[in-house]
Each structure stands twice: as C-alpha cells, then as structure tokens.
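Undergrad: For reference, the chains in residue letters:
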Amino acid sequence: MMGMHLGAPSTPCVQKGDKVKLGQVIGTPEGFLGLPVHASIAGEVIDVGPVQGLGATPGIGVTIKNDYSDEWVEGLEPLGNVETCPKEKIVPAIKNAGICGMGGASFPTHVKFAVKEGQYCDTIILNGAECETHLTADHRLMLENSVRIVDGLRAAMRALDVKKGIIAIEDNKPDAIEAMRKAANGRDGVEVRPLKTKYPQGGEKQLIQVVTGREVPTKKLPLDVHVIVLNVGTAAAIADAVIDGKPLISRITTVTGHVNNPSNFRIRIGTIAEDIIGECGGYSEKPGKIVFGGAMTGMPAPSDLIPLAKANNGVVVYNEKEALNLEESPCIRCGRCVEACPIGLNPYKLKYLCDADDLKAAAEADIMDCVVCGSCSYICPAHRFLTPAFKNMKDKITAEARKKRG
Amino acid sequence: MDIFIPALIVAVIGLVLGALLGMASKKFYVKVDERVEQVRAYCAGAGCGACGYASCDAFAEAVVKGEAPVNGCRPGGNEAAKAIAEVMGVNAEKTNPIVARVICQGSNATAKERYNYNGIPSCRVAAGIAGGPKQCRFSCIGLGDCMAKCAFGAIHMENNLCVIDEDKCTGCGACVEECPRNVIRLLPKEQSVYVHCRNTDKARMARDVCMTACIACARCKKACQYDAITVENGVATIDPEKCTRCGECAKVCPCKCIVPPEVVA
Numbered sequence: 001m002m003g004m005h006l007g008a009p010s011t012p013c014v015q016k017g018d019k020v021k022l023g024q025v026i027g028t029p030e031g032f033l034g035l036p037v038h039a040s041i042a043g044e045v046i047d048v049g050p051v052q053g054l055g056a057t058p059g060i061g062v063t064i065k066n067d068y069s070d071e072w073v074e075g076l077e078p079l080g081n082v083e084t085c086p087k088e089k090i091v092p093a094i095k096n097a098g099i100c101g102m103g104g105a106s107f108p109t110h111v112k113f114a115v116k117e118g119q120y121c122d123t124i125i126l127n128g129a130e131c132e133t134h135l136t137a138d139h140r141l142m143l144e145n146s147v148r149i150v151d152g153l154r155a156a157m158r159a160l161d162v163k164k165g166i167i168a169i170e171d172n173k174p175d176a177i178e179a180m181r182k183a184a185n186g187r188d189g190v191e192v193r194p195l196k197t198k199y200p201q202g203g204e205k206q207l208i209q210v211v212t213g214r215e216v217p218t219k220k221l222p223l224d225v226h227v228i229v230l231n232v233g234t235a236a237a238i239a240d241a242v243i244d245g246k247p248l249i250s251r252i253t254t255v256t257g258h259v260n261n262p263s264n265f266r267i268r269i270g271t272i273a274e275d276i277i278g279e280c281g282g283y284s285e286k287p288g289k290i291v292f293g294g295a296m297t298g299m300p301a302p303s304d305l306i307p308l309a310k311a312n313n314g315v316v317v318y319n320e321k322e323a324l325n326l327e328e329s330p331c332i333r334c335g336r337c338v339e340a341c342p343i344g345l346n347p348y349k350l351k352y353l354c355d356a357d358d359l360k361a362a363a364e365a366d367i368m369d370c371v372v373c374g375s376c377s378y379i380c381p382a383h384r385f386l387t388p389a390f391k392n393m394k395d396k397i398t399a400e401a402r403k404k405r406g
Numbered sequence: 407m408d409i410f411i412p413a414l415i416v417a418v419i420g421l422v423l424g425a426l427l428g429m430a431s432k433k434f435y436v437k438v439d440e441r442v443e444q445v446r447a448y449c450a451g452a453g454c455g456a457c458g459y460a461s462c463d464a465f466a467e468a469v470v471k472g473e474a475p476v477n478g479c480r481p482g483g484n485e486a487a488k489a490i491a492e493v494m495g496v497n498a499e500k501t502n503p504i505v506a507r508v509i510c511q512g513s514n515a516t517a518k519e520r521y522n523y524n525g526i527p528s529c530r531v532a533a534g535i536a537g538g539p540k541q542c543r544f545s546c547i548g549l550g551d552c553m554a555k556c557a558f559g560a561i562h563m564e565n566n567l568c569v570i571d572e573d574k575c576t577g578c579g580a581c582v583e584e585c586p587r588n589v590i591r592l593l594p595k596e597q598s599v600y601v602h603c604r605n606t607d608k609a610r611m612a613r614d615v616c617m618t619a620c621i622a623c624a625r626c627k628k629a630c631q632y633d634a635i636t637v638e639n640g641v642a643t644i645d646p647e648k649c650t651r652c653g654e655c656a657k658v659c660p661c662k663c664i665v666p667p668e669v670v671a
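Chains as they are written, first to last, in this note's numbering: chain A, 1 to 406; chain B, 407 to 671.
Hints may contain errors.
Straight-line distance between alpha carbons at most 30 Å, and here's what the computed DSSO-like set of lysine-lysine pairs gives [claimed, not checked]:
hint: 1; chain 1: B; residue 1: K432; chain 2: A; residue 2: K403
hint: 2; chain 1: A; residue 1: K164; chain 2: A; residue 2: K182
hint: 3; chain 1: B; residue 1: K518; chain 2: B; residue 2: K662
hint: 4; chain 1: B; residue 1: K518; chain 2: A; residue 2: K321
hint: 5; chain 1: A; residue 1: K65; chain 2: B; residue 2: K574
hint: 6; chain 1: A; residue 1: K396; chain 2: B; residue 2: K574
hint: 7; chain 1: B; residue 1: K555; chain 2: A; residue 2: K394
hint: 8; chain 1: A; residue 1: K289; chain 2: A; residue 2: K360
hint: 9; chain 1: A; residue 1: K286; chain 2: B; residue 2: K518
hint: 10; chain 1: B; residue 1: K555; chain 2: A; residue 2: K360
hint: 11; chain 1: B; residue 1: K608; chain 2: A; residue 2: K404
hint: 12; chain 1: B; residue 1: K608; chain 2: A; residue 2: K16
hint: 13; chain 1: B; residue 1: K518; chain 2: A; residue 2: K391
hint: 14; chain 1: A; residue 1: K391; chain 2: A; residue 2: K404
hint: 15; chain 1: B; residue 1: K608; chain 2: A; residue 2: K19
hint: 16; chain 1: B; residue 1: K518; chain 2: A; residue 2: K289
hint: 17; chain 1: B; residue 1: K555; chain 2: A; residue 2: K349
hint: 18; chain 1: A; residue 1: K404; chain 2: B; residue 2: K471
hint: 19; chain 1: A; residue 1: K21; chain 2: A; residue 2: K116
hint: 20; chain 1: A; residue 1: K396; chain 2: B; residue 2: K518
hint: 21; chain 1: B; residue 1: K555; chain 2: A; residue 2: K396
hint: 22; chain 1: A; residue 1: K65; chain 2: A; residue 2: K219
hint: 23; chain 1: A; residue 1: K391; chain 2: B; residue 2: K555
Computed far set for chain A versus chain B, every beta-carbon distance over 12 Å [as the list claims (entries may be wrong)]:
hint: 24; residue: I41
hint: 25; residue: L54
hint: 26; residue: K116
hint: 27; residue: R140
hint: 28; residue: P174
hint: 29; residue: A295
hint: 30; residue: I306
hint: 31; residue: N325
hint: 32; residue: E328
hint: 33; residue: P330
hint: 34; residue: C354
hint: 35; residue: A363
hint: 36; residue: N392
hint: 37; residue: D395
It should be emphasised that the hints constitute simulated quantities derived from the structure, not laboratory data.
C-beta: ideal position from N, C-alpha, C; glycine also.
Work the whole structure out from these sequences, hints included.
TA: Written as structure tokens, this is what we have:
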C-alpha cells in the first residue's frame, strides 16, 4: 500500500515483472508529509494497482510474490553506534527509512523533528503506555527489544540535542518497567517513568500532561510546550534505521479476540490479515467484526483480506454477538460522559449540536479538541453514538475550513 | 380601592411611552422600497440558498437593486419568476425547470454489499470506512444524508437507494452539496433520458460490483440516431441538446442503466 502514512500517498516506482529485494524502495515520497515505501519481502512484482484498504477510496498497492530468499538490497547506509554517529545524518536516515508514528496515527516521524525557528525541544517522551485495551504489542517489544528502544531514544535525543528522555510505561506492565530500567541503566539522560493505568493516557497530549505537567493548549502542538512524543515502536524503528541502515519493513502486531491462539507477531508490512489470523489457528467463532488497531480507537475492516499498514498495532476479532450495535436511545442526562471525557468537554451537549448539524456552534464548543478516544460512547448507558458523531463533525468542520481556504 | 392608584400610574406610563414610540416611528421612519416586500412575498421562502444569496430577504433586495435575475428563485419556478417580473415591470425569461437526479441504481437488490454497516446513520461516515458498505465506489450509500438536508421532503430511501420525487424537487441543490459520493446531479427536468451510473471502472470490475453498472459497451451509442451519446472514461453520457428522448438507447442497454422515458415519467 502506498498511502500508509498521513500525507500524500507515495508514487510507485516499480513495474509488474520487476524483481525486488528486501528493503528496496518501491514508492517514492510526495510532498512535505511524504514518506518512501520499501519492499517488505523479496521476489517478483506481480501487480501494481488499486487496493481497497481501510480508507474511503482505494489506494495504489504493489503486490510482490515472495521468493523466500529474504535477500537485502545493496547500498544500505548504516550509521553505526547511536552515541558516536554524526548527528545531522540521523533525521535524513529516519526519513529514508520510511518511518511514521507506529502507535496508530502514522504521522511521518521526520516531520516531528522539524523544529521551527523560535521553537525548541527539551524533552522526548517515549510512549510505552499502551493504554489501548486488548493490545500487548508494545509490551512485548519493550520486553524483547528493550535495548533497541533505548538506542532509538538516544538517537532521537542526539539528533535534536535534547538532554532528557523519558520512557513512560503504565504500571500494569511491571516486567516491562523492569526490563526498560535495566536497558536504560547508564545511558545519558534516559529515565523510566511508571504511570498509573488509565485510559486514554497514551494520547499524546494526555501523556505530556501526566509526564511533564505541561498542558498543550488547544490548537497547539506538543512542540509548543517543548516536547516530542514517540511511540516505543517508532524508537525501535529509528534504532534499526540508524544502526543497521534498515528501512521500516516489519512491526509487532497483536492478534487477539476470537482467534484460537491470540498472539503477538513481528509481521512484514503489507501482510494480509487473513494470513496472520491463520497463524493464530484461525477464528474460534464466526467473526462478526474485525477491527484494525485497538478496540477503542481502531478502524473496522470490511473483511480479513486487508493488508496491514505501518501503524496497525493490532487486529481484534469480535464475534457476532459483540459486533451487534445496540440501539441508540435518548440521553438521560446522567452526566457520566462529562466525567469520562479526558479533555473536559460536554459530550452530551456536543451530540445535540452534531444532531442539529450546527457546525459553527460545535466548533465554538471546542469539538476540535476531542481526541476520539471513545470513553464517552463506552460509558453511555443510553448507548448514544457519541464518538462516531464527533468524528464525523470534526471531519465536516475540517472539510468546510478547507473549502473556505479554497 | 388600593389597586386603583397603581393601575392608573401604569396606564399613564403606558400612554406616555406609547405616544413617544408612535412619534419616534414617524420621525425616524426609514423608507423601504415596497417592491422588496412584494418580491419577498412571491419567493418560495425555503431559505435553500439556490439563488446564491444568504436568505430570501437578501435575494429580494438584490432583485430590486437589479443585481439578481427575476427568475433567480428556483423553488418558486416559473410562477414566482412571472410574479416577481410583474413587480419589477420586466419580462421574465422562461427557465427550464431543473431537478436533482440520482446517478445510481445500485439498490440492495443489484449492488453487491461489501460489509454490513451498523454505525451511525450517515452516508458521510459510512463512505469513509473502507470504501463504503457497497462494493461500488461510485454508488449511492443510501443512509439518507441528502434526505436530512432536503427542505421540501422530496427525497426518501428505498432499499438503501436514494429516490427523488421530481414533482416536489425544486432543484435547489442542497442534496448535491451534501452527498459524499456526488451521485446527485442537477439536470433539466425535461431530460428524462440519462445514464443512471457513473462507474468509470473497466467493464468487468464495474459489472462485478453492480448489476446495473454502465460497462461502456457503446451499444447505446450505436443505437442513437442523433449522435447524442458519447462513451468516455468507461461511462456513457447523453447530450441533452441532441437527445430527442426517443428511447432507442434504453432498449439496447444490457445493464438497464438507461431507463426508457415512459418509465421515468
């Protein structure tokens, strides 16, 4: 898939019949937010054409037939040790490796490092909170690849001359805290910070507030409070890119729910969901809904024939009973959504504005600050469709603003 | 009798203020062109925005100033245009009534389903999830975003497909703006023969996802004696200027995506 990151999709640069090797660039970046795409298996390109992913319209995909040689492409440029390699080469290496945020939002990582004039960064936070229910991909990564994560953090810190790096982990993962502490021992400025377990703490702005006590103002970015947040998976990918010069071609993904043997896998980017569900021993019940990502913020998939992208941290399978949507009923004004909202919005009130299709009033009620975490929908005893309505409203307001700008 | 004095005071205050108000309204009277009010009265009053002005009042003012055409009120149609033209003392050009038409026939019966959507009832949301609940990426989603926008109650849903009542439709275009898939177009009412599909995919792909998709076979083009049909980009289009609505194309269309005029009428 060419459109795996936020921003313009990449342009495929291989043709049907071409032989590609592992890590070869198959898509060239487009625009400011563009990223290259690399072959995640070696073999022959059998198709370049539209593939329906999770988005509204089909994207261009490159289908490669695996020859199982796993032969790496020549010309990788490893920078060597993260502590001694030249600083100015780190960010270009991140861009060339095609790294985007691997926690779910798929924002191109090199753009996060583009510190504008007048801005500065004093802290990099690694997000190992993994507050999303069901998922354990980051947890496994922290246990098994803890040194790589710290290496990635150090590379990021050196690239921007940042003195402080904090690895934030929720306290429901004591073994991960232990492992990361061991790995961080003796490294410059790296600290492991256990957090209380709480959803949606893994949201960028929430995490910054918990870890540093700084609140990111509305319509501002983390850099405005001098912080950059990276997922632990992104940090490990940065380490791979810097130390070995290897692009991002695989990631750890949790497959869980109604499958026979729920597991974590290191999958190649572009693997079809059906294949990894087969690896888990298949479905244990007839699937009602398959969600890519976590149960709270993931995207529903139309079938299991969808390829996994760089940011897919999980595949959750629901059975038919769980997938059933309950009927929406009138608001009983219990106020639980107000208590649940991590931003401090009034979800029940916003829902009325959404139902009335009042874009202006909704924008004035700060709907754009909604992080679409799903807490209000989850807690609502009347089963109001709060979060999807807010997401729709946010999209509408963005579209309207874009139209006005012309 | 205690009530008498306060009542008197209130009555006197009322009288004095009333007199003041009366004098003020005479003295500070702003002369409104009475034609504005007359024009406003003949507008359909739907507030639909089809004329291009923010409200019916704004349109009426613009007509009197000579900025807007007298036949600008689309919901009002020819009757309103005639009445407004009389107020303004000009002749109204007769406009061809325009109606909104759905360029899709992909109901539950003919279009293949991609997945069972059970989220919030909004086409916009459904269209954004993995290419929409129907396999065809050009199809009407049928959850009624247009229906909610229609000020004239001209739209209803049948089998997950939008159906427009052409007698009620005024051609204001609110639904055209709202549709996330752009399946609604404003067409002249008299152009009753048109291609009910906008799928530009190759024939096999189009046929795979919907039984009533245009496969660009060009049979309609051959059948047309008036050279009104062009097949481009994998879809046929009928030129309303040249079309005589003879219905020959509809007879040969293998996918029934051109509907004979008598069925539409």
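Undergrad: Out of the numbered hints, which ones does the structure contradict?
TA: Result: hints 1, 5, 8, 11, 19, 22, 25, 30, 31, 32, 34, 36, 37 break, sorted rising.
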